[in-house]
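Assemble chain B with the ligand onto chain A, guided by the hints.
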Amino acid sequence: MTTSNRGFLETLWDFFCSLKLAISLLILLAATSIIGTIIPQGTPPPEYLQTISAGKYKFYQALGFFDMYHSWWFILLLYLFTVNIVACSIKRLPRVWKAISEPTLVMDDKFEKTLSLTHDFRMDGDAAALRDKMVAFLKGAFAEPVVTERDGEFHLFAQKSPYSRLGVYVVHLSIIVIFIGALIGSFFGYKAYVEIAEGTSTSVVHNRADMKPIDLGFTVRCDKFTVSFYDTGAPKEFKSLLTVIDGGKVVFDKRPVIVNDPLTYKGITFYQASYRPAEDAGLYHFTVRERKGGAPVKISIQQGERKLLSDGSTMQVLESSQEVSKFIPQFQGPAARIEVTPKGGGAPQVFIVFQNYPEFDAQRGGDLIFSYDGSEEKMFTGLQVAKDPGVWVVWAGCFLMVAGCCMAFFMSHRRVWIRVRKGEVTLGGSANKNQPGFQLAFDALVDKLKQQ
Amino acid sequence: MTSSMLFNIATFSYLVSMLAFFTFLAVKSKHVGLAGSLAAYFGFIVHSAAILLRWKESYDIGMGHAPLSNLYESVVFFAWTIILIFGIIDLKYKYRVVGAFVVPFALLGMAWAQLGMDSGIQPLVPALQSNWLLYHVITCFLGYAAFAVACGISIMYLIKAGKDESVGSAQSGGIIAMFPSIKILDDLNYKAIIIGFPLLTLGIITGAAWANYAWGTYWSWDPKETWSLIVWFIYAAFLHARFTRGWVGKKAAILSIVGFAATIFCYLGVNLFLSGLHSYGGGG
Ligand code: HEM
Chain A
1 MTTSNRGFLE
11 TLWDFFCSLK
21 LAISLLILLA
31 ATSIIGTIIP
41 QGTPPPEYLQ
51 TISAGKYKFY
61 QALGFFDMYH
71 SWWFILLLYL
81 FTVNIVACSI
91 KRLPRVWKAI
101 SEPTLVMDDK
111 FEKTLSLTHD
121 FRMDGDAAAL
131 RDKMVAFLKG
141 AFAEPVVTER
151 DGEFHLFAQK
161 SPYSRLGVYV
171 VHLSIIVIFI
181 GALIGSFFGY
191 KAYVEIAEGT
201 STSVVHNRAD
211 MKPIDLGFTV
221 RCDKFTVSFY
231 DTGAPKEFKS
241 LLTVIDGGKV
251 VFDKRPVIVN
261 DPLTYKGITF
271 YQASYRPAED
281 AGLYHFTVRE
291 RKGGAPVKIS
301 IQQGERKLLS
311 DGSTMQVLES
321 SQEVSKFIPQ
331 FQGPAARIEV
341 TPKGGGAPQV
351 FIVFQNYPEF
361 DAQRGGDLIF
371 SYDGSEEKMF
381 TGLQVAKDPG
391 VWVVWAGCFL
401 MVAGCCMAFF
411 MSHRRVWIRV
421 RKGEVTLGGS
431 ANKNQPGFQL
441 AFDALVDKLK
451 QQ
Chain B
1 MTSSMLFNIA
11 TFSYLVSMLA
21 FFTFLAVKSK
31 HVGLAGSLAA
41 YFGFIVHSAA
51 ILLRWKESYD
61 IGMGHAPLSN
71 LYESVVFFAW
81 TIILIFGIID
91 LKYKYRVVGA
101 FVVPFALLGM
111 AWAQLGMDSG
121 IQPLVPALQS
131 NWLLYHVITC
141 FLGYAAFAVA
151 CGISIMYLIK
161 AGKDESVGSA
171 QSGGIIAMFP
181 SIKILDDLNY
191 KAIIIGFPLL
201 TLGIITGAAW
211 ANYAWGTYWS
221 WDPKETWSLI
231 VWFIYAAFLH
241 ARFTRGWVGK
251 KAAILSIVGF
261 AATIFCYLGV
271 NLFLSGLHSY
281 GGGG
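These protein sequence lines are chains A and B, in that order. Each residue of the first sequence is one higher than the one before, counting from 1 in full-length UniProt numbering. Each residue of the second sequence is one higher than the one before, counting from 1 in full-length UniProt numbering.
Extracted from the complex, chain A is given alone in its bound form:
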């Protein structure tokens, strides 16, 4: 390797290890992330596109602003960031590990000068006796010490929470773990969507990203969907009753799925997301009696269906409404417009029947008198379907992050040295964090030793 080559590699390494790069990247990530919160992401609505010029549109498109969190430059920033964390940690970790695993056991005069907290005592007794006394003292008041003998002096060293020094690296590692979890999810998972009409089932859902069908490998049936409302009109609950059938066996039977309470089977989770009425799948109920007498007959009829009546005529529902006053202000409640075709053809009659006015149709004068008993409107339930095998890795990363933060912020590596010479005992201490807090503890230690 030539020297200039080496110089270049070293410069590159230093660049990736530098904290300045880390701060710059953090600020850059924060600043650029704003773009995607202002420009609509995904497929922007046409109204939005009309508000920007063609030139701007091209510019946004070229820079990936309509999907900026997946654009090449944002991903590149994230990769740089990852390399930065890894490089920085590789560079520093060995030193930190050394500080933990090979602590300075001996406080000589030179080392003593580097400590900000020291205290000298004059004490009677020979070194060995003092040593035993100090060992007992440290053990009781701080932590079990290690004793080293050198040149007739005894050096005691005791420490607390040395591993807290690793907290920072646990946090940094957690970021990598979270990224790995996210990658696993994006490679091996999917987000899909499915609409199921009440009473029907499906085993295929559609990927949201590319609309491609995905075979679930089992069947989901929607038995029922209901919405309830508060008195204020605000929605209270959206609920689907789902049945899961796998290989002919019912695994879940009419399990309620509501917002904030999904159903999971074989790593695939179904979330209540939306609903809509199925316009063409309603079931209507009527009571029909003959004017000349006889028992009333109840009939149920589907939208688009033509039904044969007792006198040989046929009927069909043309349209319906849950609230007819929107169209006919004099009447309230549900109503249906029906068409009755006489036996053997002939001009069909079209008229309206009202649920709240069962006797109304008698005035029409027809041979059959209809009254409307309401409809069962069928609903489609809209379910979000997700599979994400990486999610537990992400949660593990999150746990590491919080634990690492607590280690980094609220714990400190505290060390105490005692040097025993004849007639003289020197106490030294240091903490890698929260010096003022440690100073109080150190002073307390000194006081305690004075009283002995």
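Just to be clear, a hint being listed does not mean it is correct.
Computed from the model, here is a short list of chain B residues facing chain A with C-beta under 7 Å [as the list claims (entries may be wrong)]: (1) LEU15; (2) PRO126; (3) ALA127; (4) PRO198; (5) ALA214; (6) GLY216; (7) TRP221; (8) HIS240; (9) ALA241; (10) PHE243.
Covered, in the sense of this in silico footprint (three residues per stretch, anywhere, with C-beta under 8 Å from a C-beta of chain A), are these stretches of chain B [what the hints assert, rightly or not]: (11) 154 to 163; (12) 223 to 229.
The set of hints was computed from the structure by calculation and includes no laboratory data. The beta carbon of each residue, even a glycine, is placed where N, CA and C say it ideally should be.
Quick look at chain B with the ligand alone, frame taken from chain A:
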């Protein structure tokens, strides 16, 4: 006694507390400073009682849920967390003047909520019917409050540092002399942020966990999520700035203020100016 009356008493206590702290700056009497703290603590107790009472009231009218469900309730809770974090720092470090720069944030929130917002208890829409709401909102707001305290301290830092520069570090008279030294302010700023950062981290994580539980995605780059991440990036930059020469002191104080501005935008601005999943907090 209704919760609304108690909230008014708390608001008034914070007003008294703020005025006492301002007076304290001017007259430097220890008793006045103590009065400021006591008024804030009294307000805090009444405030806590009011939140609990409102919680109970929501059950009495058959809508039982924790009072964290709309803009009014969140602002009230935010003010409560600010005083809580202030109290911790006040009791632990005993720099009374900090109150003059922190209590106003809480007062502002309470005054806005009490005077400018509909305080009716509303039923909980399906999207919010989850215990995660509690964990998420509490952690987020405790984090926000710590950042509010850090912001107040940073403002003091900049005032003090500016004064020291113009007068010469030896003696800066008047009100500024009451401020702790810039070294202490810098340290307090850091202390507030190391309380806030893990809480915000927890807030983001509980939000992600909730989103995953309710919708099947822990992260969807929704504007509110993204802004919380922006805030998190800024404070991460702050934490690292301390280890880099040229980024300590003034720059760190400015980062802390920018961080709080972003926090407020994340909390309020996103709902007012941007659209997204967190309709919560919107119109109130
Ligand atoms: C969002 C990403 C990051 C987070 C959440 C994070 C978190 C942290 C935390 C919590 C600390 C402890 C700070 C303190 O004790 O005040 C820290 C320290 C540190 N971080 Fe990061 N960090 C991130 C990215 C990075 C990157 C990209 C680098 C690359 C150079 C880096 C390098 C360092 C260094 C050198 C320290 C100081 C370690 C020491 O105590 O000597 N961090 N980080």
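Verification of the supplied hints:
Because the closest C-beta pair between B:LEU15 and chain A is about 34 Å apart, greater than 7 Å, the hint is violated. Hint on B:PRO126 holds. Least Cβ distance to chain A is approximately 4 Å, under the 7 Å limit. A cut of 7 Å between beta carbons decides the hint on B:ALA127: the least distance to chain A is about 6 Å, and the hint holds. A cut of 7 Å between beta carbons decides the hint on B:PRO198: the least distance to chain A is about 4 Å, and the hint holds.
With 7 Å as the threshold, the beta carbon of B:ALA214 comes within range of chain A, its nearest partner Cβ sitting at about 5 Å, so the hint holds. Restraint check, B:GLY216 versus chain A: the minimum CB separation of about 3 Å is within 7 Å; hint holds. For B:TRP221, the interface hint holds, since its Cβ comes within 7 Å of a Cβ in chain A; the closest pair sits about 5 Å apart. Because the smallest distance between the Cβ of B:HIS240 and any Cβ of chain A comes to about 5 Å, under 7 Å, the interface hint for this residue holds.
Evaluation of the B:ALA241 hint against chain A yields a held restraint, the C-beta minimum of about 6 Å falling below 7 Å. Using the Cβ-Cβ criterion of 7 Å, the hint placing B:PHE243 at the interface with chain A is satisfied: the shortest such distance is roughly 6 Å. Here the region 154 to 163 of chain B counts 0 residues with a CB under 8 Å from a CB of chain A, which misses the bar of 3, and the coverage is violated. Coverage of the region 223 to 229 of chain B by chain A holds in this model, with 4 residues showing a Cβ closer than 8 Å to a Cβ of that chain against a need of three.
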